[in-house]
Amino acid sequence: DVKVTQSSRYLVKRTGEKVFLECVQDMDHENMFWYRQDPGLGLRLIYFSYDVKMKEKGDIPEGYSVSREKKERFSLILESASTNQTSMYLCASSSPGRGNTEAFFGQGTRLTVV
Amino acid sequence: SQQGEEDPQALSIQEGENATMNCSYKTSINNLQWYRQNSGRGLVHLILIRSNEREKHSGRLRVTLDTSKKSSSLLITASRAADTASYFCATENTGNQFYFGTGTSLTVIP
Chain A
1 DVKVTQSSRY
11 LVKRTGEKVF
21 LECVQDMDHE
31 NMFWYRQDPG
41 LGLRLIYFSY
51 DVKMKEKGDI
61 PEGYSVSREK
71 KERFSLILES
81 ASTNQTSMYL
91 CASSSPGRGN
101 TEAFFGQGTR
111 LTVV
Chain B
1 SQQGEEDPQA
11 LSIQEGENAT
21 MNCSYKTSIN
31 NLQWYRQNSG
41 RGLVHLILIR
51 SNEREKHSGR
61 LRVTLDTSKK
71 SSSLLITASR
81 AADTASYFCA
91 TENTGNQFYF
101 GTGTSLTVIP
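In order, the protein sequence lines correspond to chains A and B.
Numbering of the first sequence is given in our numbering, commencing with residue 1 and proceeding in unit increments.
Numbering of the second sequence is given in our numbering, commencing with residue 1 and proceeding in unit increments.
The following block holds chain A by itself, in its conformation from the complex (with noise of 0.2 Å):
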């Protein structure tokens, strides 16, 4: 059974911490991706990797880092973590194939930043 898997589902930090959110695919997909969800707003691509270390900007990038050191794992980094980034975040990854593929989801990591 294929699985994304991500290390926390819910989660609170304080203003100004660094923010670590993790996640873990057994598919061996070359592409995976970071978004959050806001209330209204749907899912907003944050960050985009299509293999180890490559990473792209997505829409809203700023405040976030991210890093792919291994095939399998794509970290979320807040460097700060401030009050507006209290969203539920999604990771993803697909394998692009020729290009008519589906994304599957982990279950979510909701972060609350007080």
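It should be emphasised that the hints constitute simulated quantities derived from the structure, not laboratory data.
Keep in mind that a hint or two might mislead.
[Said to hold, decoys possible] Only pairs whose alpha carbons sit at most 20 Å apart, straight line, appear in this in silico EDC-like list of lysine to aspartate or glutamate:
no., chain 1, residue 1, chain 2, residue 2
1, A, Lys70, A, Asp26
2, B, Lys56, A, Asp59
3, B, Lys26, A, Asp59
4, A, Lys3, A, Asp51
5, A, Lys71, A, Glu17
6, B, Lys70, B, Glu55
For this one, chain A is given, so just place chain B on it according to the hints.
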């Protein structure tokens, strides 16, 4: 932003009725996909339609795609209470990135 939009934002119907939701997008696409999200969970893939296809069926789901209008619709026939969820369209662009719409929240009343 490459994010799409969905319409309506919320939809409430009786069990057995059909539900239709629409999606508009902005860029060239390889394909368009629909996903379902139960409350507080990750998204699950439902159906994919390629850019050169106009209509596709899967069980009680029917998807249409109009690339000239950059729009798609998802029809769920004979809805059930278990269909209650949020539904998102997503476009996969030529860079293999997925951009999602804002979602439609569907409530099916038993």
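These are the hints, each one checked on the structure:
1. The suggested pairing of lysine 70(A) with aspartate 26(A) holds, with an alpha-carbon distance near 12 Å, which does not exceed 20 Å.
2. Only pairs whose Cα atoms come within 20 Å are accepted, and lysine 56(B) paired with aspartate 59(A) is rejected, the gap being roughly 30 Å.
3. Taking the CA atoms of lysine 26(B) and aspartate 59(A), the gap is about 14 Å. The hint holds against a cut of 20 Å.
4. Only pairs whose Cα atoms come within 20 Å are accepted, and lysine 3(A) paired with aspartate 51(A) is accepted, the gap being roughly 18 Å.
5. Pair hint lysine 71(A) plus glutamate 17(A) does not hold up; C-alpha atoms about 27 Å apart against a cutoff of 20 Å.
6. A hinted pair counts as satisfied when its Cα atoms are at most 20 Å apart, and lysine 70(B) with glutamate 55(B) qualifies at roughly 14 Å.
Violated hints for the displayed structure, listed by number in ascending order: 2 and 5.
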